[in-house]
Structures are given as structure tokens and as C-alpha cells.
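A.B. asks: Sequence:
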Amino acid sequence: MTDFIEVPRGLAGVIVTETEVGDVRGEEGFYHYRQYSAIELIQKRDFEDVWHLMLKGELPTVAQREAFIAEVTPLRHLPKAVADLLPSLTVSVPMEGLRTALSFAAALRGMKPVLDIDEETRLADAVYASAIVPTILTSLHRLRQGLEPIAPRDDLAYAANYLYMLTGEEPKPEHARAIEAYLMSTIDHGFNASTFTARVIASTGADMGAALVGAIGALSGPLHGGAPSRALDALDAIGTPENIDSWVRGKIEGGERLMGFGHAVYKTDDPRSLMLRDVATSLGGHRVEFAKQVEKRVVEILAELKPGRNLYTNVEFFAGVVMEDCGVPRDMFTPTFAASRVIGWAANVLEQARDSKIIRPRAKYVGEVPPVPVPPIAE
Numbered sequence: 291m292t293d294f295i296e297v298p299r300g301l302a303g304v305i306v307t308e309t310e311v312g313d314v315r316g317e318e319g320f321y322h323y324r325q326y327s328a329i330e331l332i333q334k335r336d337f338e339d340v341w342h343l344m345l346k347g348e349l350p351t352v353a354q355r356e357a358f359i360a361e362v363t364p365l366r367h368l369p370k371a372v373a374d375l376l377p378s379l380t381v382s383v384p385m386e387g388l389r390t391a392l393s394f395a396a397a398l399r400g401m402k403p404v405l406d407i408d409e410e411t412r413l414a415d416a417v418y419a420s421a422i423v424p425t426i427l428t429s430l431h432r433l434r435q436g437l438e439p440i441a442p443r444d445d446l447a448y449a450a451n452y453l454y455m456l457t458g459e460e461p462k463p464e465h466a467r468a469i470e471a472y473l474m475s476t477i478d479h480g481f482n483a484s485t486f487t488a489r490v491i492a493s494t495g496a497d498m499g500a501a502l503v504g505a506i507g508a509l510s511g512p513l514h515g516g517a518p519s520r521a522l523d524a525l526d527a528i529g530t531p532e533n534i535d536s537w538v539r540g541k542i543e544g545g546e547r548l549m550g551f552g553h554a555v556y557k558t559d560d561p562r563s564l565m566l567r568d569v570a571t572s573l574g575g576h577r578v579e580f581a582k583q584v585e586k587r588v589v590e591i592l593a594e595l596k597p598g599r600n601l602y603t604n605v606e607f608f609a610g611v612v613m614e615d616c617g618v619p620r621d622m623f624t625p626t627f628a629a630s631r632v633i634g635w636a637a638n639v640l641e642q643a644r645d646s647k648i649i650r651p652r653a654k655y656v657g658e659v660p661p662v663p664v665p666p667i668a669e
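Per the numbering used here, residue 291 is the first one in the sequence shown, and the count goes up by one each step.
Since the hints were derived computationally from the structure, they do not count as laboratory data. Among the hints, a few may not be true.
[What the hints assert, rightly or not] Pair by pair, the computed Cβ-Cβ distance ranges are:
1. 667 with 645: 24 to 34 Å
2. 330 with 361: 18 to 28 Å
3. 512 with 441: 27 to 37 Å
4. 357 with 307: 43 to 53 Å
5. 436 with 365: 19 to 29 Å
6. 411 with 464: 33 to 43 Å
7. 512 with 645: 32 to 42 Å
8. 353 with 536: 52 to 62 Å
9. 370 with 621: 19 to 29 Å
10. 663 with 411: 45 to 55 Å
11. 536 with 370: 50 to 60 Å
Note that the structure is predicted; figures quoted are calculated from it, not measured. All residues carry an ideal CB built from backbone N, CA and C; glycine is no exception.
When you get a sec, could you build the whole thing from the sequences and use the hints?
C.D. replies: Encoded structure:
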């Protein structure tokens with residue numbers, strides 16, 4: 291019998307595979323996409339460059355970028371059958387609708403198990419899925435509002451096109467750039483719950499669509515992708531600067547979770563939060579100044595009440611401020627996260643499929659000692 295290996299709950303800190311997609315170095319407050327700092331990529335490149343890097347393994351030249359944009363632009367348009375399905379999916383929130391719509395789109399495309407197809411076909415499936423997700427999400431949102439979906443514009447870049455399809459108006463350049471920075475910052479982030487889910491499904495040899503739909507299900511949980519709106523809800527609940535201390539103390543002393551603070555990996559400032567704080571500051575407005583006041587007091591009060599706890603803002607805290615300022619409604623915060631993270635999931639599925647071994651851990655049984663005799667049916 292194989293010996294059991296005891297591991298921490300939630301597999302915290304357990305290495306389950308090797309990857310070239312990227313990693314998070316939590317003690318340093320650093321994360322990277324392949325060999326490049328994610329923050330430096332945000333500062334020096336555009337979204338399409340990083341999309342190319344994640345799926346094709348290298349930053350593109352000018353010619354490669356143009357070819358990639360020409361490849362993905364027509365894929366952003368929904369097939370008629372998918373578009374016709376969307377009105378029936380508006381009974382649920384966009385993340386739930388996305389699961390069904392993407393599954394149908396994958397079936398309509400004829401995606402085959404990654405085990406049975408070559409690398410070129412798997413890559414084509416990955417590009418297609420990551421191109422179509424933003425259009426599905428924005429269409430579902432507009433339909434839920436009683437509005438007609440807006441087709442993508444071929445002349446707009448990824449982030450600007452996303453805001454255009456969402457709001458119906460061409461965004462201001464500073465808003466397009468702010469959302470691009472957010473989207474670029476969330477493309478990938480180590481072996482989080484949704485990425486691991488995608489890898490597990492891919493390890494069975496299932497198709498690209500199945501792996502991505504599973505990841506969407508994991509992301510829909512409020513402990514994974516739902517914090518930006520909850521962080522803004524907290525700012526609303528506090529209301530004014532004079533209420534900050536009493537509200538924060540009440541939450542900490544009551545042992546409640548502070549949404550937008552703390553991270554499972556980072557033991558220092560989350561670099562995404564620092565970047566988005568700068569983005570929010572550049573956009574201006576009373577909300578960002580209030581958010582910075584709350585951030586400062588939370589850290590100070592935690593140091594007083596929980597010395598050594600070292601809890602800092604994570605990506606969700608200022609992400610909510612940035613997205614709200616750019617016209618993204620709160621119920622689209624997690625879907626917007628998914629619009630970029632689908633690329634990281636797809637990159638991980640591609641990597642898993644190249645050298646796959648089915649992920650099959652064990653569970654330790656702790657119930658009543660078997661075998662217990664089966665009793666007759668009670669009268």
C-alpha cells in the first residue's frame with residue numbers, strides 16, 4: 291500500500307508541478323509572467339503583447355504583434371448561435387451565464403480533448419476562447435440591463451474595446467489605459483484556486499473549453515474573485531473619514547474578514563495593489579483619497595491590535611476604485627477579472643497538456659471505522 295504524505299489543509303505551500311508560465315514570490319512582493327516582471331510589463335508593453343507572451347511563449351516583435359492582432363480581432367465576434375443563446379442566460383449573473391455560453395461556444399467550435407490534438411490546435415483553441423470571453427461577458431451584462439449587446443470594434447485595442455462593449459461609448463484614453471493596467475495585472479497569479487482547477491481538468495485530457503469552464507466556476511466563489519465589489523461595499527459602509535476607526539476596530543475585534551486586505555501568498559505589499567493605487571491616484575476623485583485614508587488606518591490599527599499580523603491591501607482594494615471610476619459596474623468586477631484571467635488559465639492548460647500526468651491526490655478517511663455491518667431497514 292502506498293504511504294500517505296500528510297500535507298497542510300488547502301495544499302498551502304505544496305509544490306504540485308513545474309511551470310514556465312509564471313510565479314509569485316510572496317516574501318518579496320514580486321510576481322512575474324514567464325521571465326518578465328508583471329509590473330514592468332504593465333509599464334512598458336500593451337495588453338496584446340502580454341497575451342502573446344502568455345500563449346505563445348515570447349514577447350512579440352512589431353510584425354508579430356500586428357499578425358497577432360489580425361488573428362484575434364475577428365475571433366472577438368460572437369457566432370450567431372452563441373449570440374442567440376445569451377438572452378436565455380440573463381436569469382443569472384454574468385459569471386454563471388459565461389460558464390454556459392463558453393461551454394456552448396467550445397462545443398460549437400468542435401473543441402476536442404487536449405490529449406487527442408496537436409499543439410497548434412490546442413493553441414488555436416486557447417486564442418479563440420480568450421478572444422471570445424470579453425464579448426460574451428459584456429453582451430450578458432447589457433442584456434441584463436435591457437440593452438442590446440454591442441459588437442466589438444475592430445479598430446479598438448483589447449481594454450478600450452471591453453469598455454466600449456460594456457458602456458456603448460468609446461472610453462477616454464485614461465480610462466482605457468487604467469482598465470488595461472488592471473487587466474494586465476490579473477492575467478496570471480501563480481497556482482491560485484481557479485488556475486489549479488484548470489490544470490486538474492486539463493490533466494484528465496479534457497478539452498480546452500472544459501478546463502476553462504471549470505476555472506470560471508472556481509473564480510465565481512466570493513473568496514477568490516468576488517472581493518473588489520465587497521471592498522467598495524466596505525468603503526460605503528464606513529461612509530466618512532470620522533467613521534473609519536470605529537468601523538475598522540469593530541471588524542477586527544469581532545474577528546471579521548476585511549475584504550481587500552491580506553493575501554494567501556504575499557507577506558508584504560501586494561505589487562498589484564501598489565500599481566493600482568498609483569493608477570487610481572492618476573485618475574483622481576474623492577473616492578481614491580478616502581480609500582487611501584482607510585488603507586492607512588487599517589494597517590495602523592492592525593499593528594496596534596494584532597501586532598505582527600502584517601496585513602496589507604491586496605489587488606481587489608484599489609481595483610474596485612479604479613473600475614468604478616472607469617464606469618465598470620460592481621456586478622461586472624469579477625467578470626472583468628475573468629476577461630483577463632482566462633488567458634492565464636489557457637496558458638496553464640497548454641502547459642499541462644504538453645507533458646501531462648493526471649492529478650490524482652488522496653483523501654485521508656476520518657469517519658467511523660469500517661466495515662460496520664449494514665443494518666436492516668428500520669420500521
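A.B. asks: A separate judgement is required for each hint: does it hold in the structure or not?
C.D. replies: Quick rundown of the hints versus the structure:
1. 667 with 645: 24 to 34 Å: violated (51 Å)
2. 330 with 361: 18 to 28 Å: Since the Cβ atoms of residue 330 and residue 361 sit about 25 Å apart, the hinted range of 18 to 28 Å holds.
3. 512 with 441: 27 to 37 Å: With a Cβ separation near 32 Å, residue 512 and residue 441 satisfy 27 to 37 Å, so the hint holds.
4. 357 with 307: 43 to 53 Å: violated (31 Å)
5. 436 with 365: 19 to 29 Å: With Cβ atoms ~28 Å apart, the hint holds.
6. 411 with 464: 33 to 43 Å: holds (40 Å)
7. 512 with 645: 32 to 42 Å: Distance hint for residue 512, residue 645 holds at roughly 34 Å.
8. 353 with 536: 52 to 62 Å: With Cβ atoms ~59 Å apart, the hint holds.
9. 370 with 621: 19 to 29 Å: For residue 621 against residue 370, whose Cβ atoms are near 27 Å apart, the range 19 to 29 Å holds.
10. 663 with 411: 45 to 55 Å: Since the Cβ atoms of residue 663 and residue 411 sit about 54 Å apart, the hinted range of 45 to 55 Å holds.
11. 536 with 370: 50 to 60 Å: Because 55 Å falls inside the window, the suggested range holds.
Consistency with the previously given hints fails for numbers 1, 4, ordered from lowest to highest.
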